[in-house]
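Chains as they are written, first to last, in the working numbering: chain F, 1130 to 1353; chain E, 1130 to 1353.
Rather than coming from a laboratory, the hints here were simulated on the basis of the structure. A portion of the hints provided could be inaccurate.
A pair holds if it fits inside one copy or across any two, identical chains being indistinguishable in the list.
Straight line, CA to CA, 25 Å or less: simulated DMTMM-like cross-link-like pairs of lysine to aspartate or glutamate [what the hints assert, rightly or not]: (1) K1241 - D1283; (2) K1343 - E1299; (3) K1228 - D1212; (4) K1219 - D1194; (5) K1228 - E1251; (6) K1343 - D1288; (7) K1241 - E1220; (8) K1228 - D1194; (9) K1241 - D1302; (10) K1343 - D1283; (11) K1343 - D1296; (12) K1219 - E1181.
Protein chains: 2
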Amino acid sequence: MSLPESLAGTPVAVLGGTGPQGRGLARRWAASGIPVVIGSRSAERAETAAAELAEATGGTVSGADNLGAARTGDIVVVAVPWDGHGDLLKELAPALAGKVVVDCVNPLGFDKQGAYALHVEEGSAAQQAQALLPDSTVVGAFHSVSAVLLDDPDVTSVDTDVLVLGDVREATDLVQALADAIPGVRGVYAGRLRNAHQIEALTANLISINRRYKAHAGVRLTDV
Amino acid sequence: MSLPESLAGTPVAVLGGTGPQGRGLARRWAASGIPVVIGSRSAERAETAAAELAEATGGTVSGADNLGAARTGDIVVVAVPWDGHGDLLKELAPALAGKVVVDCVNPLGFDKQGAYALHVEEGSAAQQAQALLPDSTVVGAFHSVSAVLLDDPDVTSVDTDVLVLGDVREATDLVQALADAIPGVRGVYAGRLRNAHQIEALTANLISINRRYKAHAGVRLTDV
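Extracted from the complex, chain F is given alone in its bound form:
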């Protein structure tokens, strides 16, 4: 697939890019020809992961600490743990001004009965991000794409839709294109940021489904 003009040559930074979800997304984008910057708390770990992904995909991948990655990316994907999400974004706000910030974070708790959605004061991780980043355009997406499948080079196509949430059409269109760049994946607009909570929380249901059916479940929308 050839990349749409909006993405060709657009560097995408992935904060938390050494974690499973971030690394899996970085791998797929690098393989599709998008220049990727992996961000991590440790620049050294980011550089190591970047070198591995560049080697594995033949793509353009560099590594930096999260601040450096946030500065370099035109689109910045936030794939960090919920714990620390707010603090990191507060710190990076100046570097993220004017950019599209894609929040993939699922505020979940875990106990012996499995996963459950945490209460978030602002409504959702995506709304918290928008509140902390008033000069950025926040889009929620990639909440429940299986990290296992994304990061497995033997999986050639990932069978899922990505639900894209946001209040600015230009930004949600761009993030849909970013989803479409991953083989098998389709980006679908799924409403405004105020309806992001349930898409983040849906990941708890997918964890239950995966446990019951021994699956890596994804979501497809019919009639769309």
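Chain F is already provided as a structure; the job is to place chain E on it using the hints.
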């Protein structure tokens, strides 16, 4: 398709069965050979709707007020508007004791930007139902099956999964079978009742999706 033993001869009551969602579900179950009791605030309207559905489907359909329907059904499906949900269940609690109660209700608000999830003190409509019906087994399901498609006799197959939520395996298995009885539909276990909120709220996203894509969107789970 032949009905599983658990459903053959099991009367299913649909409270709010004259509304679009309830009527659509009643139509499909009647057509599949399940005896259906339509419940409504007005016994007369319920009887009229029942006569029409019996004629249209060749199935066994009767009508009663909501209390009468709750008493008659072995499985009782709650498809009433959110406004009044708690009051109705409180009133019907004695009639519903010992039964499986299937809550389909989506607590949503609407404004000019579309639909959004309402805050529910108990967490979700399903959890509110369980709190009000301590002697019943509440299962959440059928939240976002398109009422338009269900109630259209020209639609022979409805292309969606139904996410089934509950804490009692026997009850969720039964409700999955009830979903499977509708041509095209598959019931999938999707977690405990504490994870019902986001599935109810997901209907707000489907409304946004339907508006953007001019669709009657459904949800399918992949790899399950």
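**Message:** Need the list of violated hint numbers for this structure, in ascending order.
**Reply:** 1, 7, 12
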